[in-house]
Amino acid sequence: MAAYIARRLLWVVFLLFMITLITFVIFTVLPSGDPAVLRAGRQPSPQLIAAIREQLGLDKSKPVQFINYIGNILPFLGHNGFDFGFSYQNQQDVLPAILDRLPTTIFLTLGAVILWLCIGLPIGILSAVRTGTWYDRLAMGIALVFISAPVYFLGLVALYLFANDIGVFPILPGNSAYEQASGFFGKAEALILPWFVLAAAFAAVYARFLRGNLIDTLQEDFIRTARAKGLSERKVIFRHGVRAAITPIVTLLGLDIGILLGGAILTETVFNIPGIGRYAYNAITQSDLPVIQGTVLFGAFFIVMMSLLVDILYAFIDPRVRY
Amino acid sequence: MAEPLLEVENLVVHFETDDGLVKAVDGISYTVERGQTLGIVGESGSGKSVSSLTVLGLTRSRNARISGTVRFDGRDLLNTSEDDMRGIRGDDIAMIFQDPLSSLHPFYKVGTQISEAVLAHRDVSKAQAWDRAVEMLTLVGIPEPRKRADAYPHEFSGGMRQRAMIAMALANDPKLLIADEPTTALDVTVQAQILELIERLQSEFDTAVVVITHDLGVVAEMADEIAVMYAGRIVEKADAMTTFVGPEHPYTWGLLSSIPRLDSPRGEELVPIAGRPPSLISLPGGCSFHPRCPYVREAHKRVEPALEPVNGDRSHQVACLLDSSVRKKLWGELQQGAKPQAARNDVLEEEAGV
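Respectively, the protein sequence lines represent chains A and B.
So the first sequence is numbered by the working numbering: it starts at 1 and just counts up by one.
So the second sequence is numbered by the working numbering: it starts at 324 and just counts up by one.
Any given hint could be a false lead.
[Claimed, not checked] Restricting the straight-line Cα-Cα distance to at most 20 Å, the calculated cross-link-like pairs of lysine to aspartate or glutamate (DMTMM-like) are:
(1) A:K187 with A:D165
(2) B:K432 with A:D221
(3) A:K235 with B:D407
(4) B:K498 with B:E356
(5) B:K432 with A:D318
(6) B:K498 with B:E519
[What the hints assert, rightly or not] Sample of chain B residues at the chain A side, in silico, Cβ under 8 Å:
(7) R412
(8) G413
(9) M418
(10) S425
(11) E439
(12) A440
(13) A443
(14) R445
(15) V447
(16) D473
(17) Y475
(18) S480
(19) G481
(20) T565
Keep in mind the hints are simulated off the structure, nothing from the lab.
Here the structure is a predicted model, which means the values were calculated and not measured.
Beta carbons are placed, not taken as given, at the ideal position from N, Cα and C, and that holds for glycine.
All chains should be modelled from the sequences, with the hints used to inform the complete structure.
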């Protein structure tokens with residue numbers, strides 16, 4: 001197991017390096033605004049732009065820029081390490097800025113995860129047990145609608161319906177409420193709409209996924225054995241059926257959490273929540289390479305670490321898995 | 324004579340599907356006496372598994388049309404509520420299945436799965452149930468049972484898994500054990516051991532056994548009585564000796580001559596039954612075996628044979644339109660080593676001569 005984890009961690013390092021390289025190449029090759037010009041303000045003199053360019057290190061060749069960036073991140077190599085550079089736009093260090101926004105993103109993610117599991121899993125189980133009934137058809141039909149509706153659409157509809165400033169039923173804090181809210185419960189209240197909007201599509205995906213898995217599992221021989229033993233139908237379905245059908249959900253969940261921790265870009269942007277996602281979004285609109293690099297790297301880090309965690313967890317969930 | 328333990332009468336199990344009505348079991352009757360063994364033999368799709376699952380109440384569903392009677396120990400099982408059936412399953416009637424790997428839950432320890440069966444029917448503590456599981460594993464001949472109870476199914480060999488399944492089935496000392504192809508998924512060397520084990524435990528526990536198999540060899544030694552099923556019906560029913568020595572249904576002959584035998588001359592070819600089992604949705608008219616029967620006559624394609632005693636002997640019943648004397652002659656020819664076609668010609672000529 002230890003050897004397996006070590007091997008996987010090495011792979012993680014390589015993966016993160018490749019992701020950094022790709023982000024850098026995309027940013028360099030694709031046309032984007034000149035950071036120095038954007039920084040310099042209105043009608044800058046060529047001298048000012050050149051000065052900014054030198055200050056930001058943009059006068060050096062591209063490979064040198066990249067090597068410098070990597071060198072600053074790696075620990076134990078002359079510098080202090082873990083230096084993700086600073087924003088082209090406001091000189092702020094990238095790493096503290098990300099860490100600052102991380103709790104908000106975590107709060108948003110975890111709330112949504114709990115919500116979509118609580119909604120999606122029971123619906124999926126019920127649908128699988130009652131396959132083909134009107135309940136099943138209705139639930140899966142609604143699920144399809146939520147899967148198809150993008151967050152920016154669903155988010156705006158939710159705001160239009162329920163936001164306390166512009167809503168038809170003004171019952172919940174709307175856009176930008178998070179930053180103004182204070183205290184745990186205030187923040188939580190401000191996140192109710194975003195949580196539901198973010199969780200909707202995921203709940204739908206999980207319900208459909210679990211339904212499909214459980215229908216297959218309930219055809220298995222060991223389910224017939226469980227019934228032949230005289231177990232109650234509830235035990236057959238939960239202890240034997242769901243237990244086996246839910247394992248692939250763990251993989252899905254791990255990756256989804258990883259993706260969202262890297263920034264729920266759409267939700268954070270629609271509801272103006274100051275998390276990593278909005279930070280990344282702003283950076284993209286301002287061609288702020290160090291921030292883009294930092295947030296992409298962070299997102300990738302969460303995804304690969306979560307997938308490693310899932311694989312390790314699997315050894316405990318499924319006794320047949322050994323590393 | 325005391326009433327039989329299991330009495331199945333005119334059992335019909337049809338399933339409504341999108342393709343039509345599947346006549347999985349089409350009116351079968353049999354009885355199993357206490358402590359006795361009934362072998363149900365037939366190809367896949369002959370309805371042998373469905374009929375047994377129905378006894379356990381495991382085929383009930385929205386699309387299933389079930390009729391007839393199943394009397395077990397004085398109770399009418401077809402009209403027993405699902406809750407009461409649950410009390411009978413795994414307690415009075417237990418079942419083991421073909422593939423022990425897929426029939427055991429991959430995520431639970433073998434001991435857990437056996438004690439779960441105990442806990443479902445007995446008011447005992449988890450520790451007591453576990454002890455019972457270990458005791459059962461000892462009984463079915465698993466070495467180091469206390470340690471093995473803590474292992475997962477994938478850590479067992481195929482034969483050991485089937486032993487564990489048997490341990491689970493017998494944990495509550497059932498009156499009837501249904502073994503559905505208990506050795507089909509196992510190595511040949513292990514098959515005999517498992518059959519021996521079932522026989523030994525059967526006499527120890529005084530359990531009645533229904534063995535379902537496609538392999539007459541499996542039931543040859545175990546069964547007291549053998550029912551041969553074809554396309555949802557019983558076509559021949561007799562005690563084991565008669566089935567092997569004086570069978571009277573062409574399908575039984577076909578099954579017998581497709582078993583390799585040690586005492587047959589070297590190089591002799593096995594005679595397979597031509598054709599394939601019929602679709603249970605659109606059965607051929609008349610005798611449903613007629614498209615594959617080497618001795619078919621024109622009339623057999625229209626008249627349905629009923630299961631009738633041979634010469635008034637109720638212990639040997641056959642559903643065949645040929646005359647019993649003709650059947651005996653044909654079987655005699657086949658036993659001399661004649662091929663079905665040759666036997667047909669001989670007997671037909673003789674008949675024409677008469």
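Which hints from the list above does the structure break, by number from lowest to highest?
-> 14, 15, 16, 18, 19, 20
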